[in-house]
Amino acid sequence: MHLLVCGGSGCHASANGDIAKALNEALQLSGLNDEIQVVTTGCFGFCEKGPIVKVLPDNTFYVEVQPEDAEIIVQEHIIKGRKVEKLLYKDPEKDEKISDSAKMDFYKKQIRIALRNCGVINPENIDEYIAREGYQALGKVLGELGDQKTIETMKQSGLRGRGGGGFPTGLKWQFANTNQSDEKYVVCNADEGDPGAFMDRSILEGDPHSVIEAMTINGYAIGANLGLVYIRAEYPLAIKRLKKALEQAKEYGLLGKDVMGSGFDFDIQLRYGAGAFVCGEETALIHSMEGQRGEPTVKPPYPAESGFRGKPTNVNNVETFANIPVIINKGADWFAKIGNKKSTGTKVFALAGKVNNVGLIEVPMGTTLREVIFDIGGGIKDGKKFKAVQTGGPSGGCLTEKHLDTPIDYDNLIEAGSMMGSGGMIVMDEDDCMVSVAKFYLDFTVEESCGKCTPCRVGNKRLYEILHKITEGKGEPEDLDKLRNLSSVIKETSLCGLGQTSPNPVVSTMENFWEEYEQHVKEKKCAAGSCKNLMSYHIIEENCVGCTACARKCPVNCISGEKKQVHKIDQELCIKCGNCMDVCKFNAVEII
Amino acid sequence: MAKIKSLDDLKKMQSDLQSKINIREQGENPESHVQIKVAMATCGIASGAKEIMDFLINATGKRNLDVVVTQTGCMGYCHSEPTIEVNRPGEDPVIYGDVDVKKADEILEKHVKRGELVDGIIPVTHKTIDETK
Ligand SMILES: Cc1cc2nc3c(=O)[nH]c(=O)nc-3n(C[C@H](O)[C@H](O)[C@H](O)COP(=O)(O)O)c2cc1C
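Which chain is which? The protein sequence lines are A and B, in order.
Residues 409 to 1000 in the numbering used here are what the first sequence spells out, letter by letter.
Residues 3 to 135 in the numbering used here are what the second sequence spells out, letter by letter.
The following block holds chain B by itself, in its conformation from the complex (with noise of 0.2 Å):
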């Protein structure tokens, strides 16, 4: 990796990164797959998120869905841990909540497969830097 010399380095790969995201996002490209986000913060992997992680990595795998699973930090939820974001591309992410292995499952047959959606949202409940004028 050549190192970073200046803001304009770093803006310009910001905005290569950022196009990457948003094909992915906006499924403009063919190829386009969908996202699935594991909250991983301590208070997480405690009720259970690595399970969840290895049960959509290997899931994901053997039924040859075309899902990238990544770990992130805590989403806030506490009450309803293990928690995990869903992109589909195109779509609004959604957050679900209590994910035990049979949800999880039922996530991938359901909404990752057909777009349809489950029980057990949680509704985004804040605004972002960019929502806050």
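Here chain A stands alone, though its shape is the one from the complex (with noise of 0.2 Å):
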């Protein structure tokens, strides 16, 4: 028999380390310590009712543990075989107690279909994909559904493309099934630009015949026979595993010529990018492909007309395509009734930040933020308080505690002023500057413009350096309007999705973190205190015994003062770096 308690450190960190001794302790007393193993585990990604103890094998479920509870789950649950009815789950509806584990899934948010194999198959042997109902979705598409019916199929599903845009797929792909042409193509994109992404690196890293099974059926649907696999060369081991998983497939007669004996041919080949932001936008991706400069051009002609080498082409996103042999086998109905109506299905979030429990996680559409940050993510770090989260990448913008209960969708986070993105999701806390936040994605975009046109290559620079100066202490009121038109104007007249959403980050930031910006321009402060140029390090007089110690620790040599007298900072040649404040025993530096 094993004691299973909580020891993640969300809830209620502190008091699970009571309950392991505690328990121990009573379980020593009756001398079934040698019988019966405590063990802590993480996070049961249910905090609101922690802490948790669960017993096996008959999988009690015990929530809000206290330490003093111990005694009573050894006396009445181990040796008299009684549950203890005051410590169990109470569910809210149906107002009655429910002990085992196995029915209370409910508060497992996450539901995994694009990741239903990541972490459970060996992605390097096909055998384990076809085990669990691998290349069946295709069999069906070739065999009994051909391209209308699965077209059918994808639109009732009313899946939405999952790399940012949330275009619906089943309309994508009859658009480049009707268009004739002699030569169609399928694009898969894995290029995945945002800063702290790896959701479709993982899917390929786990589960890569998931994304060719998928490609084999979009090819089939739109009478394509080549697929392309745009991915970013710094994925080494999803370049490996994709390119042994392709030469499997075909082996085994599931990819290549007369694909499962159809008549169908079918073929997949890699292109590798070279890690640039903007060739995860389409049309920038199928140029790169052609061998030019990988810059966007305008849509229309969208590439389900026109795309690669100008023929029609569909481009879908790994992740996109990752759902898709899911939908054919469980059915457009089965899909649609996870998630929202208008954004049916689930999402993968790369969650990072100043949360407990980062981790790539699969929640339904319709998710809040709160139950992502404080259930799945178990709540901030170090029991700070949560200030924003920022979703959609350098596209997306900062959402904050009162957009906490929005359910995630498509449309509800373009409402909240940011968007889905591709899945990143960033938790900041209270020491996180917004202002410098703003400034981080600007950098990124900069960096990351292509330059061809003139409102994103010159503006973004422009936003960027009027965001440096207010960070730097020497913003004044006129910036924070130039800021709001500068933005709207890169907005409306940039040529790509990149430049018409890079302004996202200043403007929501602006839009919710108003007072913030304020204060640096006009109080110049920086109240998260993470811009150097707004702070400055004093030693409060009474505290300071002379100890020497900030002095010696000084790399700059700008404390001074005798032994056993106040010291001083020489604010002219301080550096910030902080040193001072965590050497002090005394609590005798300040930030002001």
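Among the hints, erroneous ones may be present.
Said to hold, decoys possible - Simulated coverage check for chain B against chain A, where a stretch passes if three residues somewhere in it have a Cβ under 8 Å from a Cβ of chain A:
| hint | region |
| --- | --- |
| 1 | 77 to 91 |
| 2 | 101 to 107 |
| 3 | 123 to 132 |
Derived from the structure by calculation, the hints contain no laboratory data.
Backbone N, C-alpha and C define an ideal beta-carbon position, used for all residues, glycine too.
Using the hints, put the two chains back together into the complex; each one sits in its own frame.
Put into structure tokens, the structure is as follows:
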């Protein structure tokens, strides 16, 4: 028998260690400590009811357990075999107690569809994929459905592009199907350029066959015989596994000439990108594959009409593809029931930043930001205060406290001033300065702008310079107007999605954190304590004992003072590294 | 390998493969062995999964344990890499996080040999497609 105690740093971190200790003590008293083991675990993702103790093998799930409860768990449950009623979870709707955790997977807020095989199968062994229904969707499409019914299924499922734009996938396939041509192409966008995002890489590394199968289905549905995966060269493991998977699929007759004896030919080749963000934009991506400069062109014509080599081309994202075999196997209705009406299915996010459980997660559309950050993410690190969450990468924005209960879907996020993007989700706490965050993203866009159109090339650079000026403490009130005006000009006049969205981080932080901008400009203060020029370190005379620790640690020798005398920091020389504050044992250094 | 020619071929192959897996997982076969999966995506490898995989392969060999060690992709638990999953026949799979050589050794000695769980389990926090109605 085992007692699992949640040791996640999320919920009530401090109590957990005490619970394990108390359980061990209670077991010892009853002489059961050899037979029953107390084991600490990571977060159960149910922090609102934590701390949690789970009893194995009967799966009893106790919630809100306190160290004082150890005694009764041992006495009642373990010795007498009776469940401890008062610690069971009570279903708020039915008003009944649930004792078996197998019956309460409602607290499991994630559903893994696109990630269904990641971390489950060996990606280098096609048999493991086949053992989990692999390639049966393709078999069904080739044998039963045909192109029209396949496209119809995609439409009914409500699947929208996971690469950021959220365009309905079925509709896109239909366009490519209807446009007549001697040659057509399928392209998988594996460029994944958002800083911090790694959803697509994980899928390709963990389940390459799902993408191969889906691309082949896509080829059959639109009438293409060649698929291309545009993947960044800095994903060597994904490339290696994808290549291996392609070989195995060919060997089995699931790819290549006469796929599964159907008479349909389909091949997949890899094209390597050099890691430019703009090459994730579909027209730039296609130009890059043609050997031209990776610059976008005006749409229309859309790739479905004139794409690779001027032929009808369907471009979809890796995660979009990974959903497709499941939709065919389980049916459009099954898929459409998950999520929201207008955003069906799930979305994979790379949850990062100041949350306890950073990781790769997949949640149904319509899950709230609060559930993601506080339940799955286990809350903010070190007990700090939540400040903002950034979604949509350089094209997205920062959402705040007031958006926490917004269900995540394509439309809600846009309405709130951000966007779904490809799935980066960065959580920020009280120590993050929003002007600096905006500056970080602008720095990225300036670097990644291809330079083709002026608003993006010059405008973003100017935006960056103004933000920099503000963080340096040289901002003037007019700068805030300039930021606003320039942002709207860039958004309206840029050629591609990069420029059209690049001011979003500025616009959304100005909208949601206006006081912070004002404070930087008018009071020359950065409350988060992150803009070095807007803060200074001072020694509190009453607390300083003259131990000289700070002076010895100062890398620029700007602290003076005799032993046992109050020290002083020379503000002219100080580089604000914070060493003095770190070493002082007497709390005698403060930031003003 | 003969080429797969139809959906029926595939389904047959699936059920053959599936029953092999079942025999292993349910332990009906006296020769059934423990399976350990190591999450070997870029992120896992960067935090030391390769070393753990090598250790497990070596140690299970030396100690004569009937264990198959395989690689898999990302399990999603970036906060606790490297991660491994232990499957003992007839029992639910158990995932461990923050596995170093010492922890891997403890897992072999206690969990694999004696079925005793050890600290560092990562609870499953998601539903699979088959659990989703
Ligand atoms: C600047 C920019 C970068 C983009 N980067 C990516 C990317 O890295 N991956 C991706 O799938 N889509 C990216 N897109 C979106 C693609 O242009 C395209 O919409 C997408 O690949 C279509 O696939 P989907 O419908 O399956 O999402 C980017 C768009 C823009 C404007």
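Legend entry - Earlier hints that do not hold, by number: Failing hint: just 2.
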